[in-house]
Amino acid sequence: MMLRILSSEFLKIRKKLIWLLVAAGPIGVVALQAVNYGVRYDYLVAGKETAKLWSGLIGNVSMLALPALMVGLALVASMTAGIEHQMNAWKLTLALPVRKRQVFAGKFLLTALLLLISCTLLVPLTVALGLALGFDGPIPYGDLLTNAYYPYLAAMPFIALQAWLSVTMANQTLPLTIGIVGMIVSMFAGGRFPDWVPYKWPQLVNASHEPLYSVTAGVALGLVVFVAGMAEFVRKDVK
Amino acid sequence: MEMSANQELILETNELTKKLGGKPVVKAVNMQIRRGDIYGFLGPNGAGKTTTIRMLLGLAKPTAGSIRIFGKDIRKMRLAILRKVGSLVEYPSYYGHLTATENLEAVRRLLGVPKSRIDEVLSIVRLTKEAKRPVRGFSLGMKQRLGIATALLGDPELLVLDEPTNGLDPAGIQEIRELIKSLPQTSGVTILISSHLLSEVEQMATRVGIISKGELIYEDSIHRLREQAQGRVRLGVSNPESAWRLLLSHGYPVGWENGRLTVAKADDRTVASIVARLVKQDFEVYRVEEETASLESIFLQMTGTEGSL
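Chains as they are written, first to last, in this note's numbering: chain V, 13 to 251; chain F, 23 to 331.
Please keep in mind that the hints were generated in silico from the structure rather than gathered at the bench. Keep in mind that the hints are not guaranteed to be accurate.
Simulated pairs of lysine-lysine, BS3-like, Cα-Cα distance not exceeding 30 Å [stated by the list, open to error]:
| hint | chain 1 | residue 1 | chain 2 | residue 2 |
| --- | --- | --- | --- | --- |
| 1 | V | 64 | F | 98 |
| 2 | F | 49 | V | 112 |
| 3 | F | 45 | V | 60 |
| 4 | V | 28 | F | 94 |
| 5 | F | 106 | F | 41 |
| 6 | F | 151 | V | 112 |
| 7 | V | 28 | F | 98 |
| 8 | V | 251 | V | 27 |
| 9 | F | 302 | V | 251 |
| 10 | V | 27 | F | 94 |
| 11 | V | 28 | F | 49 |
| 12 | F | 137 | V | 112 |
| 13 | F | 137 | F | 151 |
| 14 | F | 235 | V | 28 |
| 15 | F | 151 | V | 248 |
| 16 | V | 27 | F | 137 |
| 17 | V | 251 | F | 287 |
| 18 | V | 112 | F | 83 |
| 19 | F | 151 | V | 27 |
Computed from a predicted structure; not experimentally measured.
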């Protein structure tokens with residue numbers, strides 16, 4: 013049943029701007045770094061060893077990718093839910109023989125999968141930029157992948173929160189405000205907040221220097237938020 | 023066609039109640055729909071029709087009371103029930119950027135019915151030619167027809183249509199009406215159709231339920247409602263006052279109004295014998311006319327509202 017719901021969800025976003033956003037996020041991030049490296053080529057590249065060049069590039073891309081992910085997840089969640097809000101199609105879907113919690117899970121999964129696509133795109137785009145800048149091998153795929161997916165997993169509480177807010181509220185002002193404020197908070201979360209603050213997790217910074225702690229905490233809290241959102245959605249009458 | 027009492031109940035509510043913000047909007051509604059009915063669910067705007075229908079579809083939870091559809095409790099067997107129910111609630115829901123076919127496909131994937139159903143329902147609502155156009159550009163009537171097509175997609179045994187003609191022009195209303203009338207013959211489906219206009223359902227409904235201020239104040243066959251609507255007979259005669267006295271003295275239930283005699287709920291035989299009596303007593307009978315109260319006025323009387331009609 014979940015597969016059927018997802019296939020229906022993907023059909024519904026056909027020809028939607030959402031796809032543009034999914035692609036534009038990572039492309040924008042890498043394009044900005046392309047400009048950065050273009051302007052400051054001598055400072056950033058000249059005379060450095062290959063490993064340093066790649067790790068420098070990955071770090072720079074991540075620095076921009078994080079706020080893009082934090083605001084992107086609010087936008088994507090709002091757009092996927094908006095498809096139903098726009099023409100008040102919730103009553104259409106929920107009067108069908110489907111479980112309400114599966115409908116909610118479908119929206120969350122759609123949002124999460126679209127963001128996963130965005131994060132995945134970062135990898136080939138970063139590699140392309142590195143090669144274009146003349147970095148030679150070996151390409152550190154391990155680092156590339158962890159930098160693409162760890163922040164994504166650590167941001168899971170926010171994906172779940174935005175999916176919840178956007179699905180249950182017809183007016184998207186509040187969800188989007190919370191999402192944008194969240195992005196700003198997360199940008200400054202690094203050194204200032206204690207480790208337990210979720211806004212710090214996507215940066216993968218913690219006292220034990222173990223990124224996987226941030227990832228684990230993110231996935232765990234994400235699950236909790238998802239279940240809480242689903243419970244509220246199931247309980248509420250459909251507008 | 024008179025309904026026999028032993029016909030299978032498809033839908034039954036028991037003291038169904040819904041409070042919104044502490045205010046009851048549906049009060050202890052006992053509704054019964056039998057297999058094959060076209061049930062006209064009538065009431066002024068804001069009487070509780072849509073709230074009731076939302077509860078029937080499991081979209082809203084009753085504050086009190088219960089709903090049984092196909093003999094099953096909606097709270098316990100919502101999915102099994104909804105598998106055999108097609109619905110269109112208020113204005114149609116659709117995805118404007120998708121074509122009619124894609125809209126139906128989005129629902130079909132959830133229902134798991136064969137792809138061929140899409141073409142079938144499109145042809146039932148006569149949208150085959152428009153199937154490849156984005157729904158955004160559809161007229162309201164076409165969107166409404168698409169809504170009905172969506173409702174039919176799962177080949178339902180019970181079709182719930184909430185105000186399907188709302189906002190349509192007369193031609194659109196006529197078209198939807200013909201479409202709905204043709205359904206039970208083609209698919210043997212039971213239909214619940216709500217409206218705030220009696221005239222809209224009177225030509226297709228076999229039974230009607232009238233809801234006003236949250237209460238179901240009438241539920242019976244349309245036939246019975248028509249009987250109630252049967253007017254009185256007015257007689258124009260010479261020397262009406264003594265004619266009136268004469269008839270009263272013979273035990274006829276005649277009234278006196280503006281110089282005319284009136285006979286309420288008169289059957290043919292009573293009218294004939296009144297006329298014969300009058301003629302025999304040398305009264306001149308100028309006219310015998312039927313004054314039919316319209317269904318609409320009965321409806322108005324029952325619901326006690328005029329504004330919304």
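Against the structure, the hints come out as follows:
1. V:64 to F:98: 62 Å, violated
2. F:49 to V:112: 26 Å, holds
3. F:45 to V:60: Violated, because 74 Å separates the two Cα atoms, which is more than 30 Å.
4. V:28 to F:94: 40 Å, violated
5. F:106 to F:41: Between residue 106 (chain F) and residue 41 (chain F) the Cα gap is close to 28 Å, so the pair holds against 30 Å.
6. F:151 to V:112: Outside the cut-off at roughly 34 Å; violated.
7. V:28 to F:98: 38 Å, violated
8. V:251 to V:27: 26 Å, holds
9. F:302 to V:251: 69 Å, violated
10. V:27 to F:94: 41 Å, violated
11. V:28 to F:49: Violated. Residue 28 (chain V) to residue 49 (chain F) sits at ~44 Å, over the 30 Å cutoff.
12. F:137 to V:112: 24 Å, holds
13. F:137 to F:151: 17 Å, holds
14. F:235 to V:28: 43 Å, violated
15. F:151 to V:248: Answer violated: residue 151 (chain F) to residue 248 (chain V) is near 39 Å, above 30 Å.
16. V:27 to F:137: 22 Å, holds
17. V:251 to F:287: 46 Å, violated
18. V:112 to F:83: 13 Å, holds
19. F:151 to V:27: Judged against 30 Å, a Cα distance of about 22 Å means the pair holds.
Hint check: violations occur at hints 1, 3, 4, 6, 7, 9, 10, 11, 14, 15, 17; the rest are consistent with the structure.
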